[in-house]
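Asker: If you read the sequences in order, they're chains A and B.
To convert, note that position 209 of the first sequence is 209 in the numbering used here; the numbers rise steadily by one, no gaps.
In the numbering used here, each residue carries its 1-based index in the second sequence increased by 1000.
Simulated from the structure, these hints should not be mistaken for lab results.
Possibly wrong hints are sitting among the right ones.
Said to hold, decoys possible - Each pair of labels, with its calculated beta carbon distance range: (1) A:Phe234 with B:Thr1005: 36 to 44 Å; (2) B:Arg1246 with A:Leu8: 27 to 35 Å; (3) B:Pro1106 with A:Glu46: 55 to 63 Å; (4) A:Pro115 with B:Ala1050: 22 to 30 Å; (5) B:Pro1194 with A:Arg70: 40 to 48 Å; (6) A:Ile227 with B:Val1319: 39 to 47 Å; (7) B:Leu1045 with A:Gly125: 41 to 49 Å; (8) A:Gly228 with B:Gly1014: 49 to 57 Å; (9) A:Val16 with B:Pro1194: 35 to 43 Å; (10) A:Val160 with B:Pro1106: 40 to 48 Å; (11) B:Lys1004 with A:Gln176: 56 to 64 Å; (12) B:Ala1096 with A:Val16: 54 to 62 Å; (13) B:Leu1199 with A:Glu46: 34 to 42 Å.
Quantities reported herein were computed from a predicted structural model and do not represent experimental measurements.
Where is the CB? At the ideal position from N, CA and C, for every residue including glycine.
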Amino acid sequence: MSYLGRRLIRAAFLLVGVSILCFLFTEMAPGSFFDEMRLNPQISPETISSLRSRYGLDQSLVVRYGRWLRSALHADFGYSIAYNAPVAPLLWSRAKNTLLLATTGMLLTWLVSIPLGVWAAARSGRMLDKSVRVASSLLVSIPEVVIAVALLAIVVRWRVLPVGGMTSMDDEGLSQWARLQEIASRMLLPTIILTLGESAIIVRHLRASVLEVLDTPFVQAARGLGIGRMRLLFRHVLPVAASPAISLLGFSLAGLLSGSLLVEVICGWPGLGPLILDATLSRDFYLVIGGIMLSALFMVGGNLVADIMLLACDPRIRTGALDAR
Amino acid sequence: MRAKTASLIVALVGLHLTLLLAGFVAPCDPGAQDRDLPYAPPTRLHFVDASSWHLRPFVYRWSAGPDGYFENKRQSFPVHFLTGGPAYKLLGIFEAKWHLFGVDEPARIALLGTDGFGRDEFSRVLSGGQISVAAGIAATLLALLAGSIFGIVAGYYGRLTDESLMGATELFLSLPWLYFLLGVRAFLPLHLSPARTFLLLTCVIGLIGWARPARLVRGIVLSARSRNYVLAARSFGGSDVYLMWRHILPEVLGLLLTQAALLVPRYIAAEVTLSFFGLGVNEPVASWGNMLSTLQQYSVLVSYAWLLAPAAAMVVTSVIYSILADTLHSRLEFRST
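One chain only, chain B, in its complex shape:
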């Protein structure tokens, strides 16, 4: 059990740290185009050349030939670790030039191939992941904030407050989420700067999602508000806000954490779906959704399997989060009830 938890934590931290430090881990600038190398397959790492073995992997450059790309074996380029490269902003603040790995110019290392503009797919998966995962997390925070406020208020005050708030949740839950999402998106401006689109998307996704957590929270609050210690605190003259904050909220925390782990991958998928439809984060900013949207052309889908990389990244993220949700569920919620 302990080993399992430890590996889960390692996976979680690893995933988010990689995405957070995407500029450092990625060898290329995610926006840098190379019109000579559209749809180049993943660069192969070699250890053996004509003469001998090498401990340090090296790569060859792709050259365009009559039947596709071939490796130009005249010159080999060793892979350097912790090397200088294109400038980027670490965490969005610090100017930096150091990369985890890279090769000397004019060669390029594209571990997951390149897209139609010759941009490095690996770097784009990382920087797109920043956007998508951040959108998922921000939307989750928003949904849980709204959900827990309304849920606690509804459960605590009961009667008319409860009924009107639960009526509102029913309204939100009566719509299939994607229809709802598309509908709300339809009423908002289509073309915006990337930063505003991001903000807008998280708000829309988060505000649509408040209803389910609100209902769950309300259920717990209903039973919590008549516990003896709450009644006792009330008899001492504790105010409503104090009671909710100090005595009711802690009861709900376990549920909120589990819900967060459940909702983050779902909201990542929501962002990806919207961007996939062209209603979310737009080019040139990468997001897993708009990277996948090039696959809507069947010819691209068939020929360039490496462009499915964002999908694989999503699978990894979702699986890690769902294991987290299971673990949290069995640890936190069964203990509290």
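Just chain A, with the same shape it has in the complex:
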């Protein structure tokens, strides 16, 4: 378990580091939330400076960071000036939707890419493999913005799916089940966009690592013993081939979170994306910092999950055989 313990300590250090980095960046910022107010002749400079001191913006960097740390320990993560409320509840109400999108996207990604990757590797050089390879390298190279805008154009043009928001405006009268259906149908497009981009990457890696494992002596031995093709692939090859792909999990989570930020803005999904974009545009620094911290937290959590899965999958980590490296 010391393996996980070390990972946890590392994660904590990482989060503190990210927060320090954020505050260092705020030092660079030339403007603040109240800059727009300064243009308004009806607000006196005194009012603005009193507001600044009320939110602690006139303090030095160290003092501000100390205050922020204290509020972070109280699970507030600072105070949003635009919303006049603590940051954490604001973020959390949106983060649920982002997490819903990202986890669904991730599940779907793995559901699609594991069979495709294994299958393509098992039939390497044939039609299926070639088409999977071409499609995945095309999807990897096309930027997510383009995929999102193009799919949205198709969907909106032919009214395939409802788009925008989580539910329709008049969702009050709907039953629980109808609401769920509504949310699911609106979630479909963003999830598909996310899955397309992510699974292309995973399929490529999985295919490569399965191909590598297929060449090893133990697979040939297993084949010689007469183990069936399906059992061989999914019981014997996949667990070995999966471990490099699992260590990609954290990486692909980063992609999913970035992607979902983009997709949320484009599809109008009420997640973190639109909130942080608005905060960026209105220079609501604590909200932006909160958003960055939350994304870092997700990443750290995702990497921990990946570590646990690796621990379960790869006995070499349990026995410490890899620590020598």
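Assemble chain B onto chain A, guided by the hints.
Answerer: Chain B in isolation, oriented as in the chain A frame:
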């Protein structure tokens, strides 16, 4: 193999030359508005009129009717090649008036239609591409410069230097890039002159991206620094800087080239995403991102498919670069290891 490489080079050179000479290739001034022709569909090239065939294509003018635009067939305008037109600055320096093609006034040729202000989408895709691709390339250079310096230093000196630098990369890699990008962008001024925005964007994108190349470079340097010829050069009294520059850097070059081909499209996408959100290059200067951002209105997205042209241009650029990256990867990196 050779034919493939040749066509790749042709595509690369063609793409960049077209963008570099955008003023010459584009028939119109990318900023010139025509309030009478908002959202006009792409101009059709005709070869056949009522009487006969023509070798030289010609166009009709769009006229606004009760149900949209229709071609006004009373007068036809032949397309001229290498003709005079609106003045522009070639490569940003030379005053020039020559265009690859164009039609006589008052007709206009808009190969990809026009946007909401009646500006020629084709000319804007080209001049926006200049901005977006240049931003991508500049940011890549910056990221690779920073990444290779830190990576070489970390790998070469090892110990504490290595650990602190790699800790820093971990910090940068622990954030989803778009959150990071938005965050850093949030702390910088929103409204700037186009030139300063461009500079700022490339700096931000490049500085966020240094971490991954730095780690990759470090990996190679770790194995390179104990090679015999490096040890030999050190025993002759070569200084650290000399060793890094003369013996270690060449080992890394293959990786850097491959990374460059990988990163350019990614950073183009980063610039496009920021401009799409309204945080990057602003109107009236065109960039693929702010051109696409008009599509955030569903009504525009549905009705005017030709406004997706910048997206298509991005796809072409990204695909060319990713083929380049694959080619470089198989040629350079497998040879060196």
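Asker: Given the range 40 to 48 Å, decide if the beta-carbon distance of valine 160 of chain A to proline 1106 of chain B lies inside it.
Answerer: Because 42 Å falls inside the window, the suggested range holds.
Asker: Starting from the hint 39 to 47 Å, judge whether the C-beta atoms of isoleucine 227 of chain A and valine 1319 of chain B obey it.
Answerer: holds (41 Å)
Asker: Okay, arginine 1246 of chain B versus leucine 8 of chain A on CB: inside 27 to 35 Å?
Answerer: The hinted range 27 to 35 Å is violated for arginine 1246 of chain B and leucine 8 of chain A, with Cβ atoms some 44 Å apart.
Asker: The hint says 35 to 43 Å between valine 16 of chain A and proline 1194 of chain B; measuring C-beta to C-beta, is that right?
Answerer: holds (38 Å)
Asker: Is 41 to 49 Å respected by the C-beta to C-beta distance linking leucine 1045 of chain B and glycine 125 of chain A?
Answerer: Given about 43 Å between the Cβ atoms, the range holds.
Asker: Can you let me know if the beta-carbon spacing of proline 115 of chain A and alanine 1050 of chain B is within 22 to 30 Å?
Answerer: violated (59 Å)
Asker: Is it true that the C-beta distance of phenylalanine 234 of chain A to threonine 1005 of chain B lies inside 36 to 44 Å, as the hint says?
Answerer: At roughly 39 Å between Cβ atoms, threonine 1005 of chain B and phenylalanine 234 of chain A fall inside 36 to 44 Å, so the hint holds.
Asker: That 56 to 64 Å hint for lysine 1004 of chain B and glutamine 176 of chain A (C-beta), does it hold up?
Answerer: holds (57 Å)
Asker: Does the beta carbon distance between alanine 1096 of chain B and valine 16 of chain A stay inside 54 to 62 Å, or does it fall outside?
Answerer: holds (56 Å)
Asker: State, for the Cβ atoms of glycine 228 of chain A and glycine 1014 of chain B, whether the hinted interval 49 to 57 Å holds or is violated.
Answerer: Given about 52 Å between the Cβ atoms, the range holds.
Asker: Quick one: are leucine 1199 of chain B and glutamate 46 of chain A within 34 to 42 Å, going by C-beta?
Answerer: holds (36 Å)
Asker: Take the C-beta atom of proline 1194 of chain B and the C-beta atom of arginine 70 of chain A, compute their distance, and say whether it sits inside 40 to 48 Å.
Answerer: Since the Cβ atoms of proline 1194 of chain B and arginine 70 of chain A sit about 42 Å apart, the hinted range of 40 to 48 Å holds.
Hint compliance for this structure: hints 2 and 4 are broken, all remaining hints hold.
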